[in-house]
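Undergrad: Residues per chain, in single letters:
Protein chains: 2
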Amino acid sequence: MESFFKVEKICNLKNLHKNFPCINTEKIETKNALNRVTAENIYAKNHVPGFNRSTMDGFAVKSSDTFGASQSSPLILNAKYKSIMGEIPDFMLNQGEAALIGTGGMLPDGADAVVIIENTSWLNKTEIEIYTSTAPFSNTLKKDDDYHKGSLVLEKGTKITKKNIAALISSDQDEIFVFKNLKAGIISTGDEIDENKNLSHGKIRDLNRHILSAVCLENGFEPVFYGVSKDTKESLEEKTRLALKECSCVIISGGSSVGTRDITIKAIENLEDSEILVHGIAMSPGKPAIIARAGKIPVFGLPGNPFSCFCVFYIAVIPFLKHISGMKNPFDRPFVKAALTRNVHSASGRTDFIRVKLHIENNNVHAIPIPGHSGLSRPLAQCDGLLEIPENKEGGIKGEIFFVHLIQ
Amino acid sequence: MESFFKVEKICNLKNLHKNFPCINTEKIETKNALNRVTAENIYAKNHVPGFNRSTMDGFAVKSSDTFGASQSSPLILNAKYKSIMGEIPDFMLNQGEAALIGTGGMLPDGADAVVIIENTSWLNKTEIEIYTSTAPFSNTLKKDDDYHKGSLVLEKGTKITKKNIAALISSDQDEIFVFKNLKAGIISTGDEIDENKNLSHGKIRDLNRHILSAVCLENGFEPVFYGVSKDTKESLEEKTRLALKECSCVIISGGSSVGTRDITIKAIENLEDSEILVHGIAMSPGKPAIIARAGKIPVFGLPGNPFSCFCVFYIAVIPFLKHISGMKNPFDRPFVKAALTRNVHSASGRTDFIRVKLHIENNNVHAIPIPGHSGLSRPLAQCDGLLEIPENKEGGIKGEIFFVHLIQ
Numbered sequence: 001m002e003s004f005f006k007v008e009k010i011c012n013l014k015n016l017h018k019n020f021p022c023i024n025t026e027k028i029e030t031k032n033a034l035n036r037v038t039a040e041n042i043y044a045k046n047h048v049p050g051f052n053r054s055t056m057d058g059f060a061v062k063s064s065d066t067f068g069a070s071q072s073s074p075l076i077l078n079a080k081y082k083s084i085m086g087e088i089p090d091f092m093l094n095q096g097e098a099a100l101i102g103t104g105g106m107l108p109d110g111a112d113a114v115v116i117i118e119n120t121s122w123l124n125k126t127e128i129e130i131y132t133s134t135a136p137f138s139n140t141l142k143k144d145d146d147y148h149k150g151s152l153v154l155e156k157g158t159k160i161t162k163k164n165i166a167a168l169i170s171s172d173q174d175e176i177f178v179f180k181n182l183k184a185g186i187i188s189t190g191d192e193i194d195e196n197k198n199l200s201h202g203k204i205r206d207l208n209r210h211i212l213s214a215v216c217l218e219n220g221f222e223p224v225f226y227g228v229s230k231d232t233k234e235s236l237e238e239k240t241r242l243a244l245k246e247c248s249c250v251i252i253s254g255g256s257s258v259g260t261r262d263i264t265i266k267a268i269e270n271l272e273d274s275e276i277l278v279h280g281i282a283m284s285p286g287k288p289a290i291i292a293r294a295g296k297i298p299v300f301g302l303p304g305n306p307f308s309c310f311c312v313f314y315i316a317v318i319p320f321l322k323h324i325s326g327m328k329n330p331f332d333r334p335f336v337k338a339a340l341t342r343n344v345h346s347a348s349g350r351t352d353f354i355r356v357k358l359h360i361e362n363n364n365v366h367a368i369p370i371p372g373h374s375g376l377s378r379p380l381a382q383c384d385g386l387l388e389i390p391e392n393k394e395g396g397i398k399g400e401i402f403f404v405h406l407i408q
Numbered sequence: 001m002e003s004f005f006k007v008e009k010i011c012n013l014k015n016l017h018k019n020f021p022c023i024n025t026e027k028i029e030t031k032n033a034l035n036r037v038t039a040e041n042i043y044a045k046n047h048v049p050g051f052n053r054s055t056m057d058g059f060a061v062k063s064s065d066t067f068g069a070s071q072s073s074p075l076i077l078n079a080k081y082k083s084i085m086g087e088i089p090d091f092m093l094n095q096g097e098a099a100l101i102g103t104g105g106m107l108p109d110g111a112d113a114v115v116i117i118e119n120t121s122w123l124n125k126t127e128i129e130i131y132t133s134t135a136p137f138s139n140t141l142k143k144d145d146d147y148h149k150g151s152l153v154l155e156k157g158t159k160i161t162k163k164n165i166a167a168l169i170s171s172d173q174d175e176i177f178v179f180k181n182l183k184a185g186i187i188s189t190g191d192e193i194d195e196n197k198n199l200s201h202g203k204i205r206d207l208n209r210h211i212l213s214a215v216c217l218e219n220g221f222e223p224v225f226y227g228v229s230k231d232t233k234e235s236l237e238e239k240t241r242l243a244l245k246e247c248s249c250v251i252i253s254g255g256s257s258v259g260t261r262d263i264t265i266k267a268i269e270n271l272e273d274s275e276i277l278v279h280g281i282a283m284s285p286g287k288p289a290i291i292a293r294a295g296k297i298p299v300f301g302l303p304g305n306p307f308s309c310f311c312v313f314y315i316a317v318i319p320f321l322k323h324i325s326g327m328k329n330p331f332d333r334p335f336v337k338a339a340l341t342r343n344v345h346s347a348s349g350r351t352d353f354i355r356v357k358l359h360i361e362n363n364n365v366h367a368i369p370i371p372g373h374s375g376l377s378r379p380l381a382q383c384d385g386l387l388e389i390p391e392n393k394e395g396g397i398k399g400e401i402f403f404v405h406l407i408q
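Protein chains in written order, with the numbering used here: chain A, 1 to 408; chain B, 1 to 408.
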């Protein structure tokens, strides 16, 4: 049984990320923790909700007082009390008594259930009839139904999102330890890149900087751009050294001219205590990617073609960065299963990623491959996901089901 | 054929959002457009890439010069030229000539293909042997392969994300019109809410404010919090008026005490040119939700229980806000199909949303329902998605396949 979202066997990089330490932690106010990653287990400071609560509008009762009540033979209770929202009841419920209570109100001592208002009616100013037998704890939350005091609310390494921010706030911790925000140094390379307002003939725009920044921001990382390096070892080395001083990882994309990949390798090798860990990943696009380290900081060399750059960064590099930023499941990402609408080719021995448009027909999800060279930006803009053809397969045939990583 | 992500038949609110106008537009620098929504069609200012480019390291050639070349009978070409990266070749390729070129380099006039470097070898300082016949346009991108000058790059109403930022930058427009950022006014209500450092007995934390803010931020909206209103019409009306002055929508959550829903209704009815459009949505949780307008601004009244509040906001309200913020497919959201691991009950005539944990077994996605009252924060924190049981069904049985909205 695998957890959903968890796709960690990609491209044989399974455990390499664990060689890199997580970044430092800091203490912040809990109310500011959205999108941060917990650096400690978070426990409930008190019982949550902290008191027995009504979940409906109605009357707090002793459930035993209601046994036998029905539409045809209602029972009568004294209802002189009222439980006021947000206040501690200043009375105790005795046998034969009921107290008006609103959804969320605190049950008075002595009450163990709530009869909903629709199953009651006023007989006079102090007495009600009830028309239903009510079991103990009906229409109530017990004081520790959400969290028992001291119990685990969120594990270390959890990213705080829309779905667990309420649980975190419920824990009632004023401050928590989180991992610092990860700064990602981004360097573009290539003599063909033009940053002037008017694009010179023969030059191109720097697309990778924008792609990498967008993926970083989406994951909560802070992209720091160090500019476009010329295709020389000296230029690239200088920018890389600067990025290493200020960031927790360095991402170099391109260039694409003859011998540039050697320049990236040489620039990395010139850094203190550096090591090339991977040169070539068994994936397409993206094969020539580089994973290295300078001290304990990872340095990634990505292809220059925008789709190749995106694909390696999204599939292979993001798990490293998630790990460094403290997240416990760095390979999690959303996917669906979809049927290919036509045959596609891929080579055995590498994982292939195909841009696809998804659509639904007869309640089934279909994946339409979008053709186009990895140097183009159009097919990426049009796609809904990346269909993954595992390394043990040679392509896919029409109708075959594959996993598709959702790209929004 | 339905587009993927598009789930617009939920809870019979299909076209209500169209009654509200989109917010104003502004002109911004294209490089700052990430996460903004285009307010105009974006067209390519020039051909992209703008010149015929090599996609490989190799030699630019006239393809007709290579016809007949093979490993056993190589052809010889004069290779005295070199195409320098990022520069316009200052030569023209004649018959019998080749020019060294890097990936991304500009093809010289006269060349129509590239022979990859692995299929060549130097014979002497100016001549190469080539070992393969190369078809016209092989290993090249033509000058308008990505976008032809004037062609549509991105439609109006497109959110700029990691996948289309490269296409936008490629369009080479300096500035574009985008919709302004949507400000969402958030008001919590309930006498039971405690904002003091030490939580008083009988009171609870304001969870909904944090949930609503998180969902807003994830969608690129700016949440503006107007504080916790007491359970009185006057208090709520005052905060709502202030929010209406400054925001493009107002979201009121809770309270949960007897009669509070009436207070929200009355506070809205007291506003100028106001109208209750919907009181009760055919969904569970979330049935008592309110959709209203004050002038042209939508005002939403959401349930107080945190899961109900989340569910209505995420499923039913976010499409309104996406529409107002200019997005063309406001109902798009990621989902998967998954098999229920046990029977669940639901009433016919309403759409039910069940918190589920997803896991993969034998390549199939399974959905495990997470039980728990909608007043609890724990089941939401633990879930991977919301399983949707359509209104025409009464529950689901073990093994039955349903759509699950992914919640990360």
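Check before you lean on any hint, since a few could be wrong.
Some but not every residue of chain B turned toward chain A, in silico, with C-beta under 10 Å [unchecked claim]:
#: 1; residue: 162
#: 2; residue: 166
#: 3; residue: 215
#: 4; residue: 306
#: 5; residue: 310
#: 6; residue: 392
#: 7; residue: 397
Listed next, the in silico DSS-like pairs over lysine-lysine satisfying Cα-Cα at most 30 Å (straight line) [stated by the list, open to error]:
#: 8; chain 1: A; residue 1: 245; chain 2: B; residue 2: 31
#: 9; chain 1: B; residue 1: 197; chain 2: A; residue 2: 27
#: 10; chain 1: A; residue 1: 287; chain 2: B; residue 2: 62
#: 11; chain 1: A; residue 1: 82; chain 2: B; residue 2: 266
#: 12; chain 1: A; residue 1: 287; chain 2: B; residue 2: 82
#: 13; chain 1: A; residue 1: 18; chain 2: A; residue 2: 197
#: 14; chain 1: A; residue 1: 197; chain 2: B; residue 2: 142
#: 15; chain 1: B; residue 1: 197; chain 2: A; residue 2: 197
#: 16; chain 1: A; residue 1: 18; chain 2: B; residue 2: 357
#: 17; chain 1: B; residue 1: 233; chain 2: A; residue 2: 328
#: 18; chain 1: A; residue 1: 149; chain 2: A; residue 2: 18
#: 19; chain 1: A; residue 1: 197; chain 2: B; residue 2: 125
#: 20; chain 1: B; residue 1: 82; chain 2: B; residue 2: 143
#: 21; chain 1: B; residue 1: 337; chain 2: A; residue 2: 149
#: 22; chain 1: A; residue 1: 31; chain 2: B; residue 2: 156
#: 23; chain 1: B; residue 1: 328; chain 2: B; residue 2: 287
#: 24; chain 1: B; residue 1: 125; chain 2: A; residue 2: 357
#: 25; chain 1: B; residue 1: 62; chain 2: A; residue 2: 337
#: 26; chain 1: A; residue 1: 142; chain 2: B; residue 2: 287
#: 27; chain 1: A; residue 1: 393; chain 2: B; residue 2: 337
#: 28; chain 1: B; residue 1: 230; chain 2: A; residue 2: 142
#: 29; chain 1: A; residue 1: 357; chain 2: B; residue 2: 45
#: 30; chain 1: B; residue 1: 180; chain 2: B; residue 2: 14
#: 31; chain 1: A; residue 1: 197; chain 2: B; residue 2: 143
#: 32; chain 1: A; residue 1: 230; chain 2: B; residue 2: 143
#: 33; chain 1: A; residue 1: 183; chain 2: B; residue 2: 296
#: 34; chain 1: A; residue 1: 287; chain 2: B; residue 2: 393
#: 35; chain 1: A; residue 1: 230; chain 2: B; residue 2: 149
#: 36; chain 1: A; residue 1: 357; chain 2: B; residue 2: 230
If you are wondering where the hints come from, they were derived from the structure by calculation, not from laboratory data. Just so you know, these numbers come straight off a predicted model, no measurement behind them. Glycine included, C-beta positions come from ideal geometry on N, C-alpha and C.
Undergrad: Going back to the hint list, which numbers does this structure go against?
TA: The structure conflicts with hints 6, 7, 13, 15, 17, 18, 19, 21, 22, 24, 25, 33, 34 and 36, although it agrees with all the remaining ones.
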